[in-house]
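Residue numbers (our numbering), protein chains in the order written: chain A, 1 to 203; chain B, 204 to 267.
Simulated from the structure, these hints should not be mistaken for laboratory data.
Do not take every clue at face value.
Stated by the list, open to error - Label pairs and their computed distance ranges (CB to CB):
1. A:137 x B:214: 17 to 27 Å
2. B:247 x A:41: 52 to 62 Å
3. A:52 x B:227: 43 to 53 Å
4. A:31 x B:248: 41 to 51 Å
Claimed, not checked - Residues from chain A that keep clear of chain B, each with C-beta distances beyond 12 Å, as calculated:
5. 13
6. 21
7. 32
8. 38
9. 53
10. 79
11. 91
12. 129
13. 132
14. 155
15. 156
16. 157
17. 159
18. 163
19. 195
Glycine included, each C-beta is placed from N, C-alpha and C at the ideal position.
Take a look at the letters that make up each chain.
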Amino acid sequence: MALPTSGTITLDEIHVEAGGTTGTLATINDVDIRALIGKADGVEMSFDEWYSTASAQSFTVTEGSDLFASTSYYGLRNGGTVGSASPTNITVAGNSHQIKDSFRRCSSSGGVDDDTTSVFYFGLYYTAADDQPADNWFTSLDIDATGGTINIPQSTATVFSTGSGATGYKEWRWFSNDFTAQELIDLSSQWDGSGTSDVTINE
Amino acid sequence: MAITLTYDTPVTGQDRLSGTVTFDTGTGEFSCPIIHNAGTMDLPATEARMTLHIQESTDPETNS
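Same shape as in the complex, but just chain B:
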């Protein structure tokens, strides 16, 4: 399932990422803590975590 997150680039010190999401069967909004690695924002990891949540929420029976 294609999931696209849209959000403003976070600024230094920002602790949560929030924005909108589009997926195969709808749209929505999201908000999640920003994951940090070695003191820097890890946006790919943050996106992956949020995407997993949406995937499991919208298609819970087929996700492993």
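Extracted from the complex, chain A is given alone in its bound form:
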């Protein structure tokens, strides 16, 4: 979530936005706090410079493939049973969550994918203490696609959560009709089980 656009803003709010834990020690000169506004070490800063700032976390997926008779998956599944992510975890409200899924899924028949059915999943595991990310903890994702990135807003996602503790998870899904025809082409050629693809989470 972005910091407020005006009014009172606290160091603790800034610290949490930067990925810190509420109520823990922080200073205005910490590298992660300065990074939100692009300031160098030791320069003069005022609190109103953090108005409307928002952190963005990114991860890189080394893609894998998971192919079944009628379904194909490309990217990261189940925290690394297929593919891998770097970093493996991201921070939500001060809690570190393992990235469960970041993949394109499509229907297939006879070994031939139907890219027009492509959907995109993003999922996070809960923590061992059962900390669960809010449905709307981010505003959108920028996902790599051939020729650039595709921005997919959280507000259009279908959200499903189940389980508890470290094996519980929440996932956000965008269906094929949440993408344009060209986006489906670009998404499919990027998320094809080879190479790496980046995902940026806009908060």
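Could you slot chain B onto chain A? The hints should help.
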């Protein structure tokens, strides 16, 4: 797989549907945009979309 969604009837202007779900191997929660057709809420289509998501999430290898 039997999937049952439970939710409060949405009011006019509501843009998302949220509630709880039970399925063969567990329970969970869901939230999804409400699909509109001709300006009115299409709850069967909304439920079908959400159910598909849950089905594919909980049994991804067997779904087509």
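Would the non-interface assignment of residue 91 (chain A) survive a Cβ cutoff of 12 Å against chain B?
holds (22 Å)
Could you see if the CB distance from residue 247 (chain B) to residue 41 (chain A) stays within 52 to 62 Å?
For residue 41 (chain A) against residue 247 (chain B), whose Cβ atoms are near 58 Å apart, the range 52 to 62 Å holds.
So residue 38 (chain A) supposedly isn't at the interface. Is its beta-carbon more than 12 Å from every beta-carbon in chain B?
holds (34 Å)
For the range 41 to 51 Å, tell me whether the beta carbons of residue 31 (chain A) and residue 248 (chain B) fit it or not.
For residue 248 (chain B) against residue 31 (chain A), whose Cβ atoms are near 48 Å apart, the range 41 to 51 Å holds.
Determine whether the non-interface label on residue 195 (chain A) survives the test: each CB of chain B must be over 12 Å from its CB.
holds (23 Å)
Would you say residue 157 (chain A) is clear of chain B, with no C-beta pair closer than or equal to 12 Å?
violated (8 Å)
Could you see if the CB distance from residue 137 (chain A) to residue 214 (chain B) stays within 17 to 27 Å?
Holds: the Cβ-Cβ distance is about 25 Å, inside 17 to 27 Å.
Hey, is residue 155 (chain A) genuinely clear of chain B, shortest beta carbon separation above 12 Å?
violated (7 Å)
Minimum Cβ-Cβ distance from residue 32 (chain A) to chain B exceeds 12 Å:
holds (30 Å)
Given as non-interface: residue 163 (chain A), which should sit over 12 Å from chain B by C-beta:
About 7 Å separates residue 163 (chain A) from the closest Cβ of chain B, which leaves it inside 12 Å; violated.
Regarding the assertion that residue 129 (chain A) does not contact chain B, is the least Cβ-Cβ distance greater than 12 Å?
With a cut-off of 12 Å, residue 129 (chain A) remains clear of chain B, as the shortest Cβ separation is near 18 Å.
Please check whether the beta-carbon of residue 21 (chain A) is more than 12 Å away from every beta-carbon in chain B.
It holds; residue 21 (chain A) is separated from chain B by about 25 Å at its closest Cβ, greater than 12 Å.
Going down the numbered hints, you'll see the structure goes against 13, 14, 15, 16, 17 and 18, while the others check out.
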